[in-house]
Amino acid sequence: MSETIKRLRGLVALLGSTVENGASAVERIHTATARTPFRVLEQTPSLIATPAALVEKVQSATVAGVYESIRLITRVAVKALDVALDAADTEEPNDPESSEG
Amino acid sequence: MGKRIEQTVAILNGWLGDYLSRTNNGLASEMTFRLHGKPLPLTRPAFTSAYVRPHHRVVVFVHGLMNTEEIWRMPDGQDYGRLLERDLGFSPVYVRYNTGLAIADNGAQLAALLETLVQSFPVDIEELLLVGYSMGGLVVRSATHCASLEGQRWLQRVRRIVYVGTPHLGAPAERMGKLVTEALHWIPSAYTQLIADISNLRSSGVRDLGHADLRHEDRTRTRSPWELRNAKHPVPLLPSIAHHLIAGSMFTDPRLALLFGDSVVPVVSATFGEQAANALIPPERVKVIPKLNHIVLAHHPEVYAALRAICEETS
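From first to last, the protein sequence lines stand for chains A and B. The working numbering numbers the first residue of the first sequence as 1 and each following residue consecutively. The working numbering numbers the first residue of the second sequence as 1 and each following residue consecutively.
What the hints contain is simulated information worked out from the structure, not anything from laboratory work. Some clues are possibly wrong.
What the hints assert, rightly or not - Listed below are the simulated PhoX-like cross-link pairs for lysine-lysine, each with C-alpha atoms no more than 20 Å apart in a straight line:
{"#": "1", "chain 1": "B", "residue 1": "3", "chain 2": "B", "residue 2": "38"}
{"#": "2", "chain 1": "A", "residue 1": "6", "chain 2": "B", "residue 2": "38"}
{"#": "3", "chain 1": "A", "residue 1": "6", "chain 2": "A", "residue 2": "79"}
{"#": "4", "chain 1": "B", "residue 1": "3", "chain 2": "A", "residue 2": "6"}
Just need the whole structure built from these sequences, with the hints factored in.
In structure tokens:
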């Protein structure tokens with residue numbers, strides 16, 4: 001594998017990992033922030049608290065779904081780029097940097 | 001590849017190098033010897049073709065955190081290695097490595113590489129001069145420690161080591177960074193936790209700089225997070241070698257110079273401060289050059305003059 005392709009592959013993997021971990025970190029903040037008003041609503045009479053709990057469940061599931069789809073799309077994109085780099089590596093006749101230790 | 005790409009990869013290695021290495025990422029740099037910007041394979045034919053006129057004295061340059069061997073290049077295109085070859089007949093070898101790995105790991109790798117160098121160089125090496133800049137000085141110390149434990153042959157050829165802006169007693173900036181990160185972790189907010197998590201991504205190499213940890217086991221030693229000076233270092237300098245220290249200072253006030261030095265490494269850390277005598281360093285082997293910042297130390301005529309003077313001394 002040429003040095004350039006090796007590094008590009010590394011860059012793609014690093015970017016993929018950054019987006020995935022970044023999405024998880026933002027999801028944690030999003031969930032924690034959204035939890036605050038629901039905590040207040042929990043203290044109210046059951047007429048409000050019960051539907052609020054239901055709304056919170058729906059909201060949590062939606063948030064988790066959105067971030068999971070970001071992670072999924074990222075994994076697919078990384079895999080696709082990997083395949084493209086594989087193809088490019090096969091076509092590349094030679095790279096002067098490829099002798100690099 | 002362009003120098004900017006190489007520099008970017010070096011910065012990534014310094015920041016996340018241990019992660020890159022652990023995940024077999026193609027961006028992780030391997031430790032290599034380099035000459036004229038190209039890697040030098042560790043074989044006698046490769047050395048023979050790279051060094052048309054090999055000398056019996058070899059100088060090995062080890063760069064600092066997030067650098068490549070380009071850090072040694074002066075504005076006029078010269079570097080300490082070429083000048084030492086021209087002026088005093090030293091063959092230069094430049095090391096490139098993943099500065100995000102633990103200093104102990106880089107030290108062990110450097111020791112192994114130097115052993116191969118001694119075996120593969122086209123002529124007998126009579127003297128191996130080591131020059132370490134910033135973190136590179138700690139890597140050199142770790143390598144000599146490894147070599148002394150394992151009885152490696154290259155160590156017998158080392159008479160002098162020059163440390164340029166090396167934080168022998170640790171780097172306060174890293175210690176302060178660690179304290180701030182710990183403080184952020186204590187605040188019960190998702191936002192500060194995120195900032196602390198990002199700050200905690202820094203590599204093993206960066207963390208080792210805080211207290212100048214040369215061995216893995218050094219990290220477990222007890223030390224106050226508040227202290228800005230490390231009173232006792234568990235790996236002393238080898239007494240069989242003449243150790244020369246070169247430090248920069250941006251400040252004329254001696255107290256500021258001691259604390260802030262070249263703006264990254266305090267003079268007290270680069271020169272062992274009051275512990276120099278205990279560390280077997282006589283005052284004539286310590287040179288503090290005024291008005292030089294940390295980066296410039298790696299490619300400045302005044303530092304070269306000091307380096308040349310050290311090399312001209314009979315050892």
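Now for the hints, and whether the structure bears them out:
This hinted pair checks out: residue 3/B and residue 38/B have alpha carbons roughly 12 Å apart, not beyond 20 Å. Among the hinted pairs, residue 6/A with residue 38/B is consistent with the structure: their alpha-carbon atoms are about 17 Å apart, no more than 20 Å. Restraint check for residue 6/A and residue 79/A: satisfied, since their Cα atoms lie roughly 15 Å apart, inside the 20 Å limit. Restraint check for residue 3/B and residue 6/A: the C-alpha separation of about 17 Å stays at or below 20 Å, so the hint holds.
Figure legend: structure checked against the earlier numbered hints; every hint is met.
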